[in-house]
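Chains as they are written, first to last, in the numbering used here: chain A, 2 to 219; chain B, 32 to 125.
Keep in mind that a hint or two might mislead.
As the list claims (entries may be wrong) - Distance condition first, Cα-Cα at most 30 Å in a straight line; then the derived DSS-like pairs of lysine-lysine:
#1 Lys4/A <-> Lys95/B
#2 Lys4/A <-> Lys98/B
#3 Lys95/B <-> Lys67/A
Read the hints as simulated data drawn from the structure, not as lab findings.
Here's the letter readout for the chains.
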Amino acid sequence: MRKAVVPFFVLAGLIFMTAPILIARAPFAAGMGLDQKIFYFHMPPAMLMLLSAIFCGLISATFLVKRRPLYDWMGYAAAELTVLYGAIAMVTGPLWARKAWGVWWVWDPRLTMSFLLWMIFISYILLRRYGGPGSEVLAAGLAVFGMATSPFVYLSVNIWRTIHPLTTVVPTLPVDFAFPLWYSFTGFLLFYVALLTLRVSVEQQRALLDQLYLESEE
Amino acid sequence: MKIIYPIVVLLMNVAALAQQGQSEFQPVTEIPASEQMPSAPLVIAAYAFVWLAFVVYVWTMWRKLGKVEQELQTLATQIVKPRSTQGEGTPKRP
């Protein structure tokens with residue numbers, strides 16, 4: 002399993018190393034300075050945080066119905082990655098906001114809802130770590146709740162008054178902006194796939210270990 | 032000489048009054064470039080954080096996987112041994 006993910010890591014690493022070249026060549030946005038370049042490291046993890054939350058919710062719902070351990074492992078891995086990508090978005094966002102808005106953080110609907118979504122998945126991880134036996138079912142329910150929050154996070158900028166850029170920005174981007182953005186997104190996505198595979202493999206090995214201990218005790 | 036002393040004191044008071052707090056703000060459309068906050072450190076910090084987050088997470092996962100695999104190997108040898116020697120007890124979880 003370890004060897005299978007190495008090409009993903011190498012490719013994602015190469016994309017991350019070359020992305021700054023494309024980002025530096027991209028034009029500046031009107032009314033914004035160099036700080037707008039943070040967008041290329043902010044939007045992809047933020048978008049993947051939402052997609053990961055939806056994936057985690059769907060796989061957890063499947064686990065609740067079918068009770069197959071593989072779905073549980075995938076849900077756990079996706080929840081951890083939602084937190085990781087959320088952390089990246091939560092750090093890169095304020096770094097951009099400090100210059101663009103003059104403050105590190107505002108309790109704007111998009112920011113507040115993203116923070117809440119992030120907290121839901123932190124709760125998932127805490128529940129799994131300290132919840133004891135049966136916590137996987139409770140955590141799966143929490144993941145479904147987290148998934149239900151995701152569309153509101155995405156649409157919050159269109160529903161409520163906000164200073165955060167709207168959802169119309171990305172689909173209407175000119176090619177000069179869009180190419181570096183989707184290039185960077187590919188890198189984040191490859192990392193996601195590789196990390197998910199690696200995390201599932203850790204859980205799989207742990208389950209095998211538990212099974213062996215049980216068998217040896219019988 | 033006696034007249035000079037009060038004049039000096041008076042001049043010092045005038046100078047002190049001139050240095051008092053700003054009484055009003057003058058509006059300007061743009062602040063000078065030297066006063067503006069530089070963007071480069073923020074962009075670099077964002078890029079560095081992405082790398083740091085991934086490196087730390089990958090390292091943690093690699094360590095966890097290595098630990099579990101090592102435990103599996105130890106357990107496998109512990110299971111094989113009692114079977115060959117018959118009845119040395121069950122392997123204990125570290």
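Now for the hints, and whether the structure bears them out:
1. Lys4/A <-> Lys95/B: holds (16 Å)
2. Lys4/A <-> Lys98/B: Distance ~17 Å between Lys4/A and Lys98/B Cα, so the pair holds.
3. Lys95/B <-> Lys67/A: Judged against 30 Å, a Cα distance of about 28 Å means the pair holds.
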